[in-house]
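Chemist: Sequence:
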Amino acid sequence: MRHWENYTCVSFVPKLDYHKHYIMFTIDKCGCCSYVGRRGDGPQAISIGKNCDKFGIVVHELGHVVGFWHEHTRPDRDQYVDIFYKSIQPGFRSEIGQRVQLSEGDIRQAKKLYKCAACGDTLLNESADLVPSTIGRCVWRIIAAEGQTIFLNLTGAFLNSPLTDCLSEQDDVIIVRDGYSRRAPVLGS
1 MRHWENYTCV SFVPKLDYHK HYIMFTIDKC GCCSYVGRRG DGPQAISIGK NCDKFGIVVH
61 ELGHVVGFWH EHTRPDRDQY VDIFYKSIQP GFRSEIGQRV QLSEGDIRQA KKLYKCAACG
121 DTLLNESADL VPSTIGRCVW RIIAAEGQTI FLNLTGAFLN SPLTDCLSEQ DDVIIVRDGY
181 SRRAPVLGS
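Heads up: the sequence shown begins at 1 in UniProt numbering, then just goes up one per residue.
One thing to keep in mind: the hints can contain errors.
The calculated label-pair distances, taken between Cβ atoms and stated as ranges, are [unchecked claim]:
no., residue 1, residue 2, range
1, Arg177, Thr155, 16 to 24 Å
2, Gly31, Gly179, 31 to 39 Å
3, Asn153, Glu104, 26 to 34 Å
4, Arg137, Phe55, 25 to 33 Å
5, Gly188, Ile83, 49 to 57 Å
6, Pro90, Asp28, 22 to 30 Å
7, Gly188, Pro90, 57 to 65 Å
8, Asp129, Thr149, 16 to 24 Å
9, His70, Ala117, 26 to 34 Å
In short, the hints are calculated from the structure, not lab data.
On a predicted model such as this, the values are computed, not experimentally measured, just so you know.
All C-beta atoms, glycine included, are put in the ideal place defined by N, C-alpha and C.
Sequences are here, hints too, so could you generate the full structure?
Modeler: Shown next, in the form of structure tokens:
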């Protein structure tokens with residue numbers, strides 16, 4: 001889940017009582033499987049069966065939950081993808097594609113599908129330079145392990161105080177939250 005969060009704007013949060021739609025990990029006869037996209041109300045099962053508990057496989061199954069099809073099984077695949085079945089080894093047709101990490105294409109598609117901010121990123125390194133863009137809204141997520149402290153040193157930035165004026169969409173604002181979700185408590189702004 002963190003892999004998806006680190007490379008896209010998709011967020012997974014712990015289930016709370018008011019959540020109608022949520023993911024439930026289980027073991028099913030299908031082995032490693034999940035429906036594509038949200039399926040009705042209530043829990044959506046992701047089966048992580050025997051030998052499915054590998055990083056790339058879990059990332060792959062979460063991809064189905066967020067709306068990704070296998071390229072070779074998409075309903076519109078014949079318009080975009082040519083599959084050379086003769087080149088696939090017997091017994092491996094269902095294994096087309098890597099399952100190690102999100103590809104650049106996966107990341108681009110998720111950002112488009114979920115309308116991620118035009119600029120921004122998830123920062124995991126000890127230090128980084130954040131350079132805002134003039135092309136649109138930027139959202140930066142800075143992640144630290146529990147107990148670690150994050151220090152921000154702002155230079156060359158002009159920020160209006162949210163206490164003095166009504167902010168327009170063109171004003172620069174920094175909001176610090178304690179957690180991944182937009183519903184996470186605001187620590188400061």
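Chemist: It remains to establish, for every hint, whether it holds in the given structure.
Modeler: For each hint, the structure was consulted:
Between Arg177 and Thr155 the beta carbon distance is about 22 Å. The supplied range of 16 to 24 Å therefore holds. About 33 Å separates the C-beta atoms of Gly31 and Gly179, a value consistent with the hinted range of 31 to 39 Å. Checking the proposed 26 to 34 Å range against Asn153 and Glu104 shows it holds: the Cβ atoms sit about 31 Å from each other. Against the hinted window of 25 to 33 Å, the Cβ-Cβ separation of Arg137 and Phe55 comes to about 31 Å, which satisfies the hint.
Here the CB-CB span from Gly188 to Ile83 is close to 52 Å, well matched to the stated 49 to 57 Å. Range check, Pro90 to Asp28: Cβ separation about 26 Å, and the 22 to 30 Å hint holds. A C-beta distance of roughly 59 Å is found between Gly188 and Pro90, which places it inside the suggested range of 57 to 65 Å. Judged by the Cβ atoms, the range 16 to 24 Å given for Asp129 and Thr149 holds: they are separated by roughly 19 Å.
A hinted range of 26 to 34 Å holds for the C-beta pair His70 and Ala117, which are about 28 Å apart.
Against the hints set out earlier in the document, no violation occurs for any number.
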